[in-house]
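Trainee: Here is what each chain is made of, one letter per residue.
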Amino acid sequence: MKISWFRRQQYVQVKLDQRGEQGALWVKCAGCGDLVFRERVREKHGVCPRCGAYFFLTAQERISLLVDEDSFVDVSRPIVAADPLGFTDCRPYLERLKEAQDRTGLPNETVVGRARMGNTPVVLAVTDFRFIGGSMGSVMGEQLSCAMDIAAQELSPFVLVSSTGGARMQEGIFSLMQMVKTAAARRDLERACVPFVSVMTYPTTGGVFASIASLGDVAIAEKGALIGFAGRRVIEQTTGERLPSDFQTEAFAFDHGIVDRVVERTKLREELIRVLSFFPVGRSP
Amino acid sequence: MKISWFRRQQYVQVKLDQRGEQGALWVKCAGCGDLVFRERVREKHGVCPRCGAYFFLTAQERISLLVDEDSFVDVSRPIVAADPLGFTDCRPYLERLKEAQDRTGLPNETVVGRARMGNTPVVLAVTDFRFIGGSMGSVMGEQLSCAMDIAAQELSPFVLVSSTGGARMQEGIFSLMQMVKTAAARRDLERACVPFVSVMTYPTTGGVFASIASLGDVAIAEKGALIGFAGRRVIEQTTGERLPSDFQTEAFAFDHGIVDRVVERTKLREELIRVLSFFPVGRSP
Amino acid sequence: MTIEDLIAELQNKLAELRKFARENGRDVSAEIAELEEKVARISWGPRAWEQVKLARHPSRPTTLDYLDLLMDDFYELHGDRLYGDDKAIVGGLAKFEGRTVAVVGHQKGRNPAENHACRYGMAGPAGYRKAARIMGLGDRFGLPIITFIDTPGAYPGIEAEERNIGGAIADSIYNMLRLRTPVVVAVIGEGGSGGALAIGVGDRVLMLENAYYSVISPEGCAAILWGDRGRAPEAAAALRLTAPDLLDLGVIDEVVQEPAGGAHTAPKAAARNLREALLRHLDELRAVVPGELVNQRRRRFRGMGICEGAVETMRLRNGE
Amino acid sequence: MTIEDLIAELQNKLAELRKFARENGRDVSAEIAELEEKVARISWGPRAWEQVKLARHPSRPTTLDYLDLLMDDFYELHGDRLYGDDKAIVGGLAKFEGRTVAVVGHQKGRNPAENHACRYGMAGPAGYRKAARIMGLGDRFGLPIITFIDTPGAYPGIEAEERNIGGAIADSIYNMLRLRTPVVVAVIGEGGSGGALAIGVGDRVLMLENAYYSVISPEGCAAILWGDRGRAPEAAAALRLTAPDLLDLGVIDEVVQEPAGGAHTAPKAAARNLREALLRHLDELRAVVPGELVNQRRRRFRGMGICEGAVETMRLRNGE
Ligand SMILES: [Zn+2]
Ligand SMILES: [Zn+2]
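Residue numbers (the working numbering), protein chains in the order written: chain C, 1 to 285; chain D, 286 to 570; chain X, 571 to 890; chain E, 891 to 1210.
I should point out that these hints are in silico values taken from the structure, not numbers from a laboratory. Careful: at least some of the hints might be erroneous.
Dumping the calculated DSSO-like pairs for lysine-lysine here, alpha-carbon to alpha-carbon at most 27 Å [said to hold, decoys possible]:
{"id": "1", "chain 1": "X", "residue 1": "Lys-589", "chain 2": "X", "residue 2": "Lys-608"}
{"id": "2", "chain 1": "E", "residue 1": "Lys-977", "chain 2": "D", "residue 2": "Lys-508"}
{"id": "3", "chain 1": "D", "residue 1": "Lys-329", "chain 2": "D", "residue 2": "Lys-313"}
{"id": "4", "chain 1": "C", "residue 1": "Lys-223", "chain 2": "C", "residue 2": "Lys-44"}
{"id": "5", "chain 1": "X", "residue 1": "Lys-623", "chain 2": "C", "residue 2": "Lys-267"}
{"id": "6", "chain 1": "E", "residue 1": "Lys-1158", "chain 2": "E", "residue 2": "Lys-903"}
{"id": "7", "chain 1": "C", "residue 1": "Lys-44", "chain 2": "C", "residue 2": "Lys-28"}
{"id": "8", "chain 1": "X", "residue 1": "Lys-623", "chain 2": "X", "residue 2": "Lys-608"}
{"id": "9", "chain 1": "E", "residue 1": "Lys-928", "chain 2": "C", "residue 2": "Lys-98"}
{"id": "10", "chain 1": "X", "residue 1": "Lys-657", "chain 2": "D", "residue 2": "Lys-383"}
{"id": "11", "chain 1": "C", "residue 1": "Lys-28", "chain 2": "C", "residue 2": "Lys-223"}
{"id": "12", "chain 1": "X", "residue 1": "Lys-665", "chain 2": "X", "residue 2": "Lys-838"}
{"id": "13", "chain 1": "X", "residue 1": "Lys-589", "chain 2": "X", "residue 2": "Lys-623"}
{"id": "14", "chain 1": "D", "residue 1": "Lys-508", "chain 2": "D", "residue 2": "Lys-313"}
{"id": "15", "chain 1": "C", "residue 1": "Lys-267", "chain 2": "C", "residue 2": "Lys-98"}
{"id": "16", "chain 1": "X", "residue 1": "Lys-838", "chain 2": "X", "residue 2": "Lys-608"}
{"id": "17", "chain 1": "D", "residue 1": "Lys-552", "chain 2": "E", "residue 2": "Lys-909"}
{"id": "18", "chain 1": "C", "residue 1": "Lys-267", "chain 2": "X", "residue 2": "Lys-665"}
{"id": "19", "chain 1": "X", "residue 1": "Lys-623", "chain 2": "C", "residue 2": "Lys-223"}
{"id": "20", "chain 1": "E", "residue 1": "Lys-985", "chain 2": "E", "residue 2": "Lys-1158"}
{"id": "21", "chain 1": "D", "residue 1": "Lys-552", "chain 2": "E", "residue 2": "Lys-903"}
{"id": "22", "chain 1": "D", "residue 1": "Lys-383", "chain 2": "D", "residue 2": "Lys-508"}
{"id": "23", "chain 1": "E", "residue 1": "Lys-909", "chain 2": "E", "residue 2": "Lys-943"}
{"id": "24", "chain 1": "C", "residue 1": "Lys-44", "chain 2": "C", "residue 2": "Lys-98"}
Stretch-level coverage of chain E by chain C, calculated; a stretch enters the list once three of its residues show a Cβ under 8 Å from a Cβ in chain C [as the list claims (entries may be wrong)]:
{"id": "25", "segment": "936-949"}
{"id": "26", "segment": "983-996"}
{"id": "27", "segment": "1043-1053"}
{"id": "28", "segment": "1057-1065"}
{"id": "29", "segment": "1082-1088"}
{"id": "30", "segment": "1108-1117"}
Built from N, CA and C at the ideal position, the CB exists for glycine as well.
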């Protein structure tokens, strides 16, 4: 056990890159089509001040939406994606990684940390969709597993907020195996009797949905979430079926018993504080 | 623990009453409408020699269909139904019981015994539909539970062949409670690592279907079985739905994943011998 | 002739008989006893039937009403993770007297729209599978479990059969026999058949005074045995389905008093009584170690049933 | 231009370059090395792609074929007890070398009618739930479990999503991590994505020589990353999805040889090799106590993944 890593603490290493796509003063809302002032959107945690549509949140924005002020301590392991297959399509994987790191200011797509929510200590893991679609490779598998280990060891509830397109296909079979790896870590969490709340946002799909995100004690869908396993296009092409208009929406997931609750973004923090208040953490039955 | 009961053994107490409904030489087949010679039907284990339709089997006929010759030892407990509610509708319950006993020659609807199937020792329980619809009251609950106790203790597989309309409503709440009682005995069977094969015949419905009959390690439907919880009439009246033609048939149960296999009556014995051959009885994992 | 008329007529006859005996000095005690028993039997019908009607009263507090009144907070969980969310069963985590409990109950709805959405508490497979999931969650975290029974029965429908409602009920019963935490069941309204029992496998079973609990609805029983749904009052009496009956029969542990006129006339008073009873039983059960709880629960239900022995009359209770 | 043409052209260029160097005494070793690497990379494409095509060969033995060849008896079990029976997954009890095992595998069908009924092995929720049920049965009776992987992936359809295919796969994975009996997995044909992995959590993972196992189909990968499904051969090579690749990457334990030309040319020979390997691994696993099996399996998969450390390069295997 590399306990040493668990002890490592440093303040938020998530840096919001102000250049590039994040730089413009105004941003166009996909909901109402209006140009809205970016700063206003940010203040409102990525909710359009005109129409209420949700913008993507960065990992940092998601964290600051959820945790008690200044309570977040990044405990992500100091690892970045390797290129175990030497994968190249039109561009080498390592180049894509570098580009994603530069664009997001993040070393990888997963941020995990200790935090407090309504003064309850939690271990929080967040994935950032901007980083290669928030896809799960060896790094995400390792970060989430270590996060669950910390939660199990410290008897702190584990909260996962997913925003992911699924597997990091550039890591091939290793990407697939993270589905089992995270499930194995979740097993230890269960044995430690520590609660796990899975929050699914836009999008929670593919391999992450078909593994760790579906294994929560409680499953919460953010309003506007996309939740499902297979992609719409694949389904249409394979089956020729016409998809219903609410297909794979959060309402679809709720109606089909896949999630416990649907929550608006602005109420998500209160929701998590509330649900965590019910769990007698660390009590071993 | 009334271990003494478990040791009690006596040869088949099932007597086939030759008078009354069983007396006639000829019997009308519901399948082809022909009058067929009763003795021929009996020889063929209740299969119409003309059209292959199934007649009801008595408990004795069912047993002799399934077990190695002369291997059946009745271990039913020497109990008969009480009338705990003092129940009377158009006729007192006790009168109905007496009539059923006289007509069937059975003390109650359930016969349990030790037997061999293809030389494998088993505990076999059979319900007789002629006896007040093979309905489950305190006696059936007790007989089945004791049968499972014997199976658990002797590490013999348990085979239940159901033919029942459900609850014995004249015993009111006690009848309902047999659903839990039998499930509790089944739990002990599971803990002893003893296999349980549930055979559903025409009909396996109501409270028996919604408890012990659904809790087998393997579920086999006899061809022509009726399998379901609610009665057709109740469903039609409550919902106004038109029932599909195969509703609650054995094919319906198979298609909906409710039973593992559908087996013809004449092949049922071989089927049971075969499935039992797979289980390493009494091995505790 | 209504049952009330019949009773009045019988009582007139009784009075005449007594008068005749007094005036003529004849011993008619046998005839009088017979008539009195008949009156008692028949008049129990309306009383049991009154209870059934009270148990079904449209304003009677539902599971959600009691959760409102009993719990400091109720966090509802939804879905069976398999196909759907059945509104005829509600469940989740709740705070009861400072402790978290897992709760599950049938929900009938509190107005016509809700009634429709909840199918009057007639749950399907998705409901029972959600119930098992929530009880499993409670079990994993060592939370006591409280269930509220209030259903005419499981929903009889094509889809319910397609989704194996029988197996869902059996699995729910089997699941409850495995739970390692205390389980207290409260029958708050209708306790209809297997659909009720599916969430009724408790270490303690309480019943509100005007609730009923029965293997079959009085109407269903009357239709089958009397050939006439209209004889439901007589069936209700014969089934011995009232709370005092069931206490007498040893199937439930306690009758929780309701305010005069029924729980719907003063829901808070009813909830107060229920709270006291739940708390008392949970306190008692907290002292029992998990493994022993499972054994006791199994033995409790193993012991239920009354048979006539060839050699003896057995009253099977508490695991013999 | 086909890949074969491209390779021929590159090899011509290489020959010219070498001739040029020889004749002119110039050092072009850097250029030659670059070209050689390019040829190697590109020609791996067709080789990997050949494997994928072999893995998909319409005559390739299916799970039921292997069960016929390997098992003395196979007793098929059906149904998920929830809603249906998915023919894309078969399973049941079988006799293997004198012992009972529980088996589960994807089934593609052996003729067009079966292919259709089995959806070419693309299983839905009912299939994975049946699989979990059968593995649970094996576990209860201490039976070793053998699974056969042969699917292009889980079925992508509306009904599959309605029935929570994602949750079904997750639950199947989670269930396999809990099994206390030995689990040996054999990838016999296509190992397509999560739909394959759902029954792939074994103590040992074997692969037939011409099977493939991948996070995504080569076509899907090519469509997304190259923007052209036609580039599937290149994607196949890049994904490193062949049995030798995966052995090299440490994700599988053994490559089971196939007869020359592929398993379909001599199914009995393929089955003989598979039998020998299964038997050997099951024998090894029989020595491990149940609790330790669970721990080892958990550690095996906990250790899978390769990252680049800020301080060190970690090759995570066998639980660090
Ligand atoms: Zn907007
Ligand atoms: Zn006929």
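Trainee: For each hint, tell me whether it holds in the structure or not.
Mentor: Results for each hint:
Proximity of X/Lys-589 to X/Lys-608 is assessed by CA-CA distance (about 19 Å); at most 27 Å being required, the pair is judged to hold. In summary, the hint linking E/Lys-977 to D/Lys-508 is supported, as the alpha carbons are separated by about 21 Å, within the 27 Å threshold. With a C-alpha separation of about 15 Å, the suggested pair D/Lys-329 and D/Lys-313 falls inside the 27 Å cut-off, and the hint holds. Proposed proximity of C/Lys-223 and C/Lys-44 is supported: the alpha carbons are some 15 Å apart, at most 27 Å.
For the given pair, X/Lys-623 sits about 43 Å from C/Lys-267 by alpha-carbon distance, which is inconsistent with the 27 Å threshold. Taking the CA atoms of E/Lys-1158 and E/Lys-903, the gap is near 45 Å; set against the 27 Å cutoff, the hint is violated. Straight-line distance between C-alpha atoms of C/Lys-44 and C/Lys-28 comes to about 15 Å, which keeps the hinted pair within the 27 Å bound. A threshold of 27 Å between alpha carbons decides the hint, and for X/Lys-623 with X/Lys-608 the separation of about 23 Å falls inside it, so the pair holds.
Restraint check for E/Lys-928 and C/Lys-98: the C-alpha separation of about 24 Å stays at or below 27 Å, so the hint holds. Taken as a hint, the X/Lys-657 and D/Lys-383 pair is broken in the structure, with Cα atoms around 45 Å apart against an allowance of 27 Å. With a C-alpha separation of about 20 Å, the suggested pair C/Lys-28 and C/Lys-223 falls inside the 27 Å cut-off, and the hint holds. In summary, the hint linking X/Lys-665 to X/Lys-838 is supported, as the alpha carbons are separated by about 18 Å, within the 27 Å threshold.
Between X/Lys-589 and X/Lys-623, the direct Cα distance comes to roughly 37 Å. Violation of the 27 Å bound is thereby established for this hinted pair. Restraint check for D/Lys-508 and D/Lys-313: satisfied, since their Cα atoms lie roughly 20 Å apart, inside the 27 Å limit. Distance check on the hinted pair: C/Lys-267 and C/Lys-98 sit about 35 Å apart at the alpha-carbon level, beyond 27 Å; violated. At most 27 Å may separate the alpha-carbon atoms for a hinted pair to count; X/Lys-838 and X/Lys-608 exceed this at roughly 39 Å.
Distance hint between D/Lys-552 and E/Lys-909 is unfulfilled; the C-alpha atoms sit about 78 Å from each other, more than 27 Å. A threshold of 27 Å between alpha carbons decides the hint, and for C/Lys-267 with X/Lys-665 the separation of about 21 Å falls inside it, so the pair holds. The hinted pair formed by X/Lys-623 and C/Lys-223 fails the criterion: a straight-line CA distance of about 43 Å is larger than 27 Å. For the hint pairing E/Lys-985 with E/Lys-1158, the CA-to-CA distance comes to about 18 Å; that is within 27 Å, so the pair holds.
Under the criterion of a C-alpha separation no larger than 27 Å, the hint pairing D/Lys-552 with E/Lys-903 is inconsistent with the structure, at around 72 Å. About 32 Å separates the Cα atoms of D/Lys-383 and D/Lys-508, which puts this hinted pair outside 27 Å; it is violated. Of the pairs offered as hints, the one joining E/Lys-909 and E/Lys-943 is violated, with about 37 Å between alpha carbons and a cut-off of 27 Å exceeded. About 30 Å separates the Cα atoms of C/Lys-44 and C/Lys-98, which puts this hinted pair outside 27 Å; it is violated.
Counting residues of the segment 936-949 of chain E whose C-beta lies closer than 8 Å to any C-beta of chain C gives 0; at least three are required, and the coverage claim is violated. Chain C is given as covering the segment 983-996 of chain E, and this is violated because 0 residues of the stretch bring a CB closer than 8 Å to a CB of that chain, at least three being needed. Under the rule that three or more residues need a Cβ within less than 8 Å of chain C, the assignment of the segment 1043-1053 of chain E holds, with 9 such residues. Look at the segment 1057-1065 of chain E against chain C: 6 of its residues bring a Cβ nearer than 8 Å to a Cβ of that chain, three or more, so the hint holds.
Coverage of the segment 1082-1088 of chain E by chain C holds [criterion: at least 3 residues with CB-CB distance below 8 Å; count 4]. Three residues within the 8 Å Cβ limit are the bar, and the segment 1108-1117 of chain E against chain C gives 6, so the coverage statement holds.
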